[in-house]
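Participant: Letter by letter, the chains look like this.
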Amino acid sequence: AAGVIQSPRHLIKEKRETATLKCYPIPRHDTVYWYQQGPGQDPQFLISFYEKMQSDKGSIPDRFSAQQFSDYHSELNMSSLELGDSALYFCASSTWPWGLEKLFFGSGTQLSVL
Amino acid sequence: DAKTTQPNSMESNEEEPVHLPCNHSTISGTDYIHWYRQLPSQGPEYVIHGLTSNVNNRMASLAIAEDRKSSTLILHRATLRDAAVYYCILRDNAGNTPLVFGKGTRLSVIA
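For the protein sequence lines, the chains are X and D, in the order given.
Quick note on my numbering: the first sequence kicks off at 19 and runs consecutively.
Quick note on my numbering: the second sequence kicks off at 267 and runs consecutively.
Next up, chain D with everything else stripped away, as it sits in the complex:
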C-alpha cells in the first residue's frame, strides 16, 4: 500500500494560514490524494482531494508537487473550529476502495 508521512502535530494562531504537509514518495500514477479531518468526538470529515492539479474548495486548498511525491493542505484562515486531526490518504482511482487512515497531524489553533 502506498504510504503517507505527516508531522505528528502542528500549531497555528487563529486567523492565520496553515500549511499541513504530506509526503507520499511511493505514490502511483492512479492514486488520488485525499484529505480528511476528524474533529474531537466526531467522525472523519472529507476536506478535499486531487490528482495532479492544485484544487480549491470552500474549506481549503490542496497544492500538489509537480512530481506528486508531496502535497500541502492549506487552510487560509485557521479558526478554533479547525482544531482537529488531519489525515492525508492515498486512494486508487478505481474508486469504492476503503480509506486507509495512517497517522495524521493534530492541529492546534491558538486564540
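One chain only, chain X, in its complex shape:
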C-alpha cells in the first residue's frame, strides 16, 4: 500500500539559508500535518492543512511557512535557518470526515543546519 512520501530524506544547510521540505500524502488523503522532532525530543506539532486551507497551527516559527497544493502535496518552507532548526521533520496524512481517522506518518526528513 502507498505510504506518505517525504523528500528529501536528508538535507544539509548552512545557517541563514533556506530549505524546502516536501510531503506527498497517501492517495485520497486530504489532510496533512507537519511535525518537528529535535534530538532526544518528542514530536512537536507545527501546522496542518485540510483541503488546501490551514486547519491548525502549533509551535511553528514565523520563519517557517507551509502550504498544501491542489494535488494535496504539501511543502514546508524554512528561511533564515538556525542551528536549532536541526531536527527530524515528519509529515503525516489522514482523511476526513470518515470518523476519527488515524494519522499515517512518513519516514521524515533529517535536516542538519551547520
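Please note: incorrect hints may appear among the correct ones.
DMTMM-like, lysine to aspartate or glutamate: derived pairs with alpha carbons at most 25 Å apart [unchecked claim]:
(1) D:269 - X:69
(2) X:75 - D:297
(3) D:269 - X:60
(4) X:31 - X:100
(5) X:40 - X:69
(6) D:369 - X:60
(7) X:75 - X:48
(8) D:369 - X:119
(9) D:335 - X:60
(10) X:40 - X:100
(11) X:31 - X:69
Hints in this document: simulated from the structure, not taken from any laboratory.
With chain X fixed as given, assemble chain D onto it according to the hints.
Facilitator: Positioned in the frame of chain X, the structure of chain D alone reads:
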C-alpha cells in the same frame, strides 16, 4: 488540553506480555484515547484507539478503565521489534485535530 501521564521507561522479556499504563484523569467525554509508537529512526506509527470499550486489533489490545481516567496498552507477546517509544494521546472526536505528543514510555525488550 487534556494531558496524559506515562512511565518514562519499561522493560520486558521477549515473548512475554507487556502492559503499558497511561493516566488521563482530566479526560473529557469526547476524547478518544490513541496509542502510537515510534520505532528507532522511524516516523510514529498508529497502534490502536478507543473511546469507552476495550479494543483489540492485530497489534495490541487497549483496556480502558470504567471511569476512563486510565488505560492500558497490552502487547500480548513482546518481540524485539516492539522496542519503541509508546505514546498515549487524547484526541477530541471532532477529528482532523492534530495529535499532540507528550512524554511517552520507552519500551526495551530483552531477548
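Participant: Would the pair residue 40 of chain X and residue 69 of chain X pass a check requiring their Cα atoms to be no farther apart than 25 Å?
Facilitator: holds, 17 Å
Participant: Does residue 60 of chain X sit within 25 Å of residue 335 of chain D, going by the straight-line distance between their CA atoms?
Facilitator: Cα-Cα ~23 Å, so holds.
Participant: Straight-line Cα separation of residue 31 of chain X and residue 100 of chain X no greater than 25 Å?
Facilitator: At roughly 10 Å apart (the allowed maximum being 25 Å), residue 100 of chain X and residue 31 of chain X satisfy the hint.
Participant: Would the pair residue 269 of chain D and residue 69 of chain X pass a check requiring their Cα atoms to be no farther apart than 25 Å?
Facilitator: violated, 29 Å
Participant: Just to be careful, I want the Cα atoms of residue 75 of chain X and residue 297 of chain D compared with a cutoff of 25 Å; is the pair within it?
Facilitator: Roughly 20 Å between the alpha carbons, so the hint for residue 75 of chain X and residue 297 of chain D holds.
Participant: Hey, residue 269 of chain D versus residue 60 of chain X, does the alpha-carbon distance stay inside 25 Å?
Facilitator: Within the cut-off at roughly 15 Å; holds.
Participant: Measure nothing beyond the straight line between the CA atoms of residue 75 of chain X and residue 48 of chain X; if it is 25 Å or shorter, mark the hint as holding.
Facilitator: holds, 17 Å
Participant: Decide if the proposed pair is consistent with the structure: residue 369 of chain D and residue 60 of chain X, CA atoms, cutoff 25 Å inclusive.
Facilitator: Given that 25 Å is the threshold and the Cα spacing comes to 7 Å, the pair holds.
Participant: For the pair we were handed, residue 369 of chain D and residue 119 of chain X, check the Cα-Cα distance against 25 Å.
Facilitator: Distance ~22 Å between residue 369 of chain D and residue 119 of chain X Cα, so the pair holds.
Participant: Given the proposed pairing of residue 31 of chain X with residue 69 of chain X, does the C-alpha separation stay at or below 25 Å?
Facilitator: The hint is violated at about 31 Å.
Participant: Holds or violated: residue 40 of chain X and residue 100 of chain X, Cα atoms, limit 25 Å.
Facilitator: Given that 25 Å is the threshold and the Cα spacing comes to 19 Å, the pair holds.
When held up to the earlier numbered hints, the structure conflicts with 1, 11 and fits the remainder.
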